[in-house]
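J.: Quick note on our numbering: the sequence shown kicks off at 43 and runs consecutively.
FYI, nobody ran anything at the bench for these hints, they're computed from the structure. Worth double-checking, as some hints may not be accurate.
What the hints assert, rightly or not - What follows is a list of derived Cβ distance ranges for each label pair:
1) K72 - R165: 22 to 30 Å
2) E103 - K72: 31 to 39 Å
3) T172 - D114: 29 to 37 Å
4) A97 - K76: 25 to 33 Å
Unchecked claim - Straight-line alpha carbon distances no greater than 30 Å define the calculated DSS-like cross-link-like pairs of lysine-lysine that follow:
5) K73 - K112
6) K80 - K106
7) K170 - K80
8) K93 - K56
9) K94 - K106
10) K170 - K73
11) K166 - K73
12) K112 - K72
13) K106 - K73
14) K80 - K112
15) K166 - K106
16) K112 - K56
17) K72 - K166
18) K76 - K112
19) K93 - K106
20) K72 - K106
21) K170 - K76
22) K93 - K76
23) K72 - K170
24) K76 - K166
25) K94 - K76
26) K166 - K94
27) K166 - K56
28) K80 - K56
29) K56 - K106
30) K93 - K170
31) K94 - K170
32) K56 - K170
33) K166 - K80
34) K76 - K106
35) K93 - K166
36) K72 - K56
37) K72 - K93
Backbone N, C-alpha and C fix where the C-beta goes; we use that ideal spot for every residue, glycine too.
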Amino acid sequence: FVVPADREMAQLHKMVYATDFERADIYGIKKLVKIAQKFGAQIRVVHITGKKEYAGEERMEWFKEMLQEKVDYAQLEFDLIFSDTVFEELMWYVEDCEADLLAMLERKDSTFYQKYLQPDLVRKMAKKSTIPLLSFNVGVL
Numbered sequence: 043f044v045v046p047a048d049r050e051m052a053q054l055h056k057m058v059y060a061t062d063f064e065r066a067d068i069y070g071i072k073k074l075v076k077i078a079q080k081f082g083a084q085i086r087v088v089h090i091t092g093k094k095e096y097a098g099e100e101r102m103e104w105f106k107e108m109l110q111e112k113v114d115y116a117q118l119e120f121d122l123i124f125s126d127t128v129f130e131e132l133m134w135y136v137e138d139c140e141a142d143l144l145a146m147l148e149r150k151d152s153t154f155y156q157k158y159l160q161p162d163l164v165r166k167m168a169k170k171s172t173i174p175l176l177s178f179n180v181g182v183l
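With these hints in hand, go ahead and build the complete structure from the sequences.
T.: Below you can see the structure in the form of structure tokens.
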């Protein structure tokens, strides 16, 4: 849990969960729902994918169906955004929807590409985000 130094924690009205449509995301969202219920907060589940992704909408529907089998929470909304600048788009999305909290799944990938060439989005958000960030570790779920 990372809270920017200049930010005071207040009420949580709107939360954003950045998903990659993985099964582990369902468990992260399930944990986030437990927190959201205490505040009556809305959760916006967002997936940002490259403009060339052709199956984004089908994957979103598949994910929603899987999630609805495991999680019962009326205040869930879903957004699919096509952009080649995932980090910048996520920063804009969080600001635009006036989120009070951003939650993400810390993905552990041992491939060379993931380890050394692709920046860790969770770490990048922890450094740049102006709102609190809650990161779920995939190994702990």
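J.: Would you mind marking each hint as holding or not holding in the structure?
T.: Taking the hints in turn, this is what the structure says about them:
no., hint, in the structure
1, K72 - R165: 22 to 30 Å, "holds, 24 Å"
2, E103 - K72: 31 to 39 Å, "violated, 19 Å"
3, T172 - D114: 29 to 37 Å, "holds, 32 Å"
4, A97 - K76: 25 to 33 Å, "holds, 31 Å"
5, K73 - K112, "holds, 11 Å"
6, K80 - K106, "holds, 23 Å"
7, K170 - K80, "holds, 27 Å"
8, K93 - K56, "holds, 27 Å"
9, K94 - K106, "holds, 21 Å"
10, K170 - K73, "holds, 24 Å"
11, K166 - K73, "holds, 22 Å"
12, K112 - K72, "holds, 8 Å"
13, K106 - K73, "holds, 16 Å"
14, K80 - K112, "holds, 19 Å"
15, K166 - K106, "holds, 27 Å"
16, K112 - K56, "holds, 21 Å"
17, K72 - K166, "holds, 24 Å"
18, K76 - K112, "holds, 13 Å"
19, K93 - K106, "holds, 21 Å"
20, K72 - K106, "holds, 13 Å"
21, K170 - K76, "holds, 26 Å"
22, K93 - K76, "violated, 33 Å"
23, K72 - K170, "holds, 26 Å"
24, K76 - K166, "holds, 26 Å"
25, K94 - K76, "violated, 35 Å"
26, K166 - K94, "holds, 24 Å"
27, K166 - K56, "holds, 21 Å"
28, K80 - K56, "holds, 12 Å"
29, K56 - K106, "holds, 19 Å"
30, K93 - K170, "holds, 24 Å"
31, K94 - K170, "holds, 27 Å"
32, K56 - K170, "holds, 19 Å"
33, K166 - K80, "holds, 28 Å"
34, K76 - K106, "holds, 18 Å"
35, K93 - K166, "holds, 22 Å"
36, K72 - K56, "holds, 16 Å"
37, K72 - K93, "holds, 29 Å"
Violation of the numbered hints given earlier is confined to hints 2, 22 and 25; the remaining hints are satisfied by the structure.
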